[in-house]
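Chains L and X supply the protein sequences, listed in that same order.
Note that our numbering has the first sequence beginning at 1, numbered continuously upward.
Note that our numbering has the second sequence beginning at 1, numbered continuously upward.
Do not take every clue at face value.
As the list claims (entries may be wrong) - Calculated lysine to any residue pairs in the SDA-like style (CA-CA distance at most 25 Å, straight line):
(1) X:LYS85 - X:ARG66
(2) L:LYS146 - X:SER92
(3) L:LYS61 - X:LYS87
(4) L:LYS146 - X:ARG51
(5) L:LYS146 - X:LYS87
(6) L:LYS147 - X:LEU4
(7) L:LYS146 - X:ASP28
(8) X:LYS85 - X:ASP67
In short, the hints are calculated from the structure, not lab data.
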Amino acid sequence: MESINDFLCSSLWGNQNYDFSYRPSVGASGGILTIWDTMEVDVIITRSLAHVVIIQGKMVKKGADFSLANVYAPCDPLRRQDVWTHLGTIIGNFRETCWCVCGDFNAIRSHAERKSKVVGTFVEDYSHFNQFIDSNILFDLPLCGKKFT
Amino acid sequence: MRRLDCFLLSEDWCSIWPNMMQHALNRDLSDHCPILLSMDEVNWGSRPRRRLKCWGDLPGYKQFVRDNLLSYHIEGWGGYVLKEKLKLIRGSLNTWHHNHTQNLEGRLRNVQDRISFLDAKGEEDDLLLEEIEELHSLSVDFRSLSRIVEQVTSNTQEGGELCSLENNLK
């Protein structure tokens, strides 16, 4: 995913009513791609920051201003914390739009979201991710179909 | 295994699309499951299941439903388990319904023939005790079969999902 082109996106999407924004991968991981239906969504701004691709615009049918952040969080907890801080600032700056923050957060919110055979000294810190969710007043819907992703 | 991927939504987003659902789909090549956030406003869920009142008259119906519901093992929160169980029982009930409503007219005719045979015999001769009992149970069968035929036919005319039954009745 070091470079994304129209050919790839159109084969993923299936028709021509799309546009996309992406952040290239570094080596084999870290790439992010957001594709949207141009009949449904009018994207005005796209932003690319470390580990996040943000698109902002209007939902055509609802007329609602929205922002959508596609996240691929790093494994390193300290760098992950930077992502939460940075993203939190942007969410705060665009509070008047409705927000959807999605992707691979590489973090879990509680022990219940993990199942592992290794029991031991490793204690995962849930607090930063929870703090990010709470301070930006985001909601995590219950997941249907599976417990883990 | 961990739950690493999800959609986090602001309050405004939730009030614009109140009927959202987050589904984890089956994974293929990736080590992550794709997640679908559906916000289809016309998606009111599955069509309501139709239950024919006459099903209760058929022997074994209640046991069939009970056994089937107990045989499904679904994990998740209560509402989800109920929804999935109802979805599964729908399929089983369709099969059950087909098996129990095959050749209804033929079966009705057989019962009728047997009744008139016994009636005719009774005119000539005294019926045996077993034959009198048989006659009683035949009239019960006849009533319940006619009720099924009636309900199935009226259901079919309403254009319900049981339309293939029409072919069975012809």
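Against the structure, the hints come out as follows:
1. X:LYS85 - X:ARG66: holds (11 Å)
2. L:LYS146 - X:SER92: holds (24 Å)
3. L:LYS61 - X:LYS87: The hint is violated at about 32 Å.
4. L:LYS146 - X:ARG51: Judged against 25 Å, a Cα distance of about 30 Å means the pair is violated.
5. L:LYS146 - X:LYS87: Cα-Cα ~17 Å, so holds.
6. L:LYS147 - X:LEU4: Judged against 25 Å, a Cα distance of about 10 Å means the pair holds.
7. L:LYS146 - X:ASP28: OK: LYS146 (chain L) and ASP28 (chain X) at ~15 Å, within 25 Å.
8. X:LYS85 - X:ASP67: Status holds; Cα separation ~12 Å.
Checked against the numbered hints listed earlier, the structure breaks hints 3, 4; every other hint is satisfied.
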